[in-house]
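Participant: Next come the chains, spelled out residue by residue.
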Amino acid sequence: AQKVTQAQTEISVVEKEDVTLDCVYETRDTTYYLFWYKQPPSGELVFLIRRNSFDEQNEISGRYSWNFQKSTSSFNFTITASQVVDSAVYFCALTRPGFQKLVFGTGTRLLVSP
Amino acid sequence: EAGVAQSPRYKIIEKRQSVAFWCNPISGHATLYWYQQILGQGPKLLIQFQNNGVVDDSQLPKDRFSAERLKGVDSTLKIQPAKLEDSAVYLCASSLAGGSETQYFGPGTRLLVL
Chain A
1 AQKVTQAQTE ISVVEKEDVT LDCVYETRDT TYYLFWYKQP PSGELVFLIR RNSFDEQNEI
61 SGRYSWNFQK STSSFNFTIT ASQVVDSAVY FCALTRPGFQ KLVFGTGTRL LVSP
Chain B
1 EAGVAQSPRY KIIEKRQSVA FWCNPISGHA TLYWYQQILG QGPKLLIQFQ NNGVVDDSQL
61 PKDRFSAERL KGVDSTLKIQ PAKLEDSAVY LCASSLAGGS ETQYFGPGTR LLVL
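So the sequences go chain by chain: A and B. The first sequence begins at 1 in our numbering and counts up by one. The second sequence begins at 1 in our numbering and counts up by one.
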């Protein structure tokens, strides 16, 4: 069975601080896909990144970066120089090829104060 | 490109009443998903359609929930009769194909059962 653990329930930071959101996953598949979504107060899940299990290169997109480490089954997300607009719940999710559902973690609520 | 559309955005009903939610996916997306998100949890897949056929409905409480996707485009999810524990956000998502393809989510319908 697949499982995603986001141990951090809530994180509070002050604007301009860097923050890392942890994601640990469990799967027996050799091929799988990992995702991060952002859910602002409006409720819509916003897609941030999709990564397959064969690509362990770290990725950077503006202030966002992702660290994928198969050795520790982790796919952590870092926001550099956080902003108030980054306040949201962030979900990590896992799936495998074929018609398989997304398995979500319980989310991490990020509060960025001015 | 228009995103996933859902209506209504909010609904309040009393227990034992019925309710229906509507979803229109992104144009050209073959796969449509309905998720239930209870407060403080990650979304849980209720049902997945590929075109107008059901791929996975293993977690759909079939004694009270039903869903259809006529003509392989928009979809409706119905609850009859509703229970207090059905209070949640119902999210619709779509993807070009199933499985590992990125799922794009609509704004959700917040249901409160009194």
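Where hints are given, some of them may not hold.
[Unchecked claim] Below, computed lysine to aspartate or glutamate pairings styled on EDC-like, alpha-carbon distance capped at 20 Å:
| # | chain 1 | residue 1 | chain 2 | residue 2 |
| --- | --- | --- | --- | --- |
| 1 | B | K44 | A | E56 |
| 2 | B | K78 | B | D57 |
| 3 | B | K44 | A | E26 |
| 4 | A | K38 | B | E101 |
Note that these hints are calculated values from the structure, not bench results.
Participant: Which earlier hints can't be squared with this structure?
Facilitator: The structure conflicts with hint 1 only, although it agrees with all the remaining ones.
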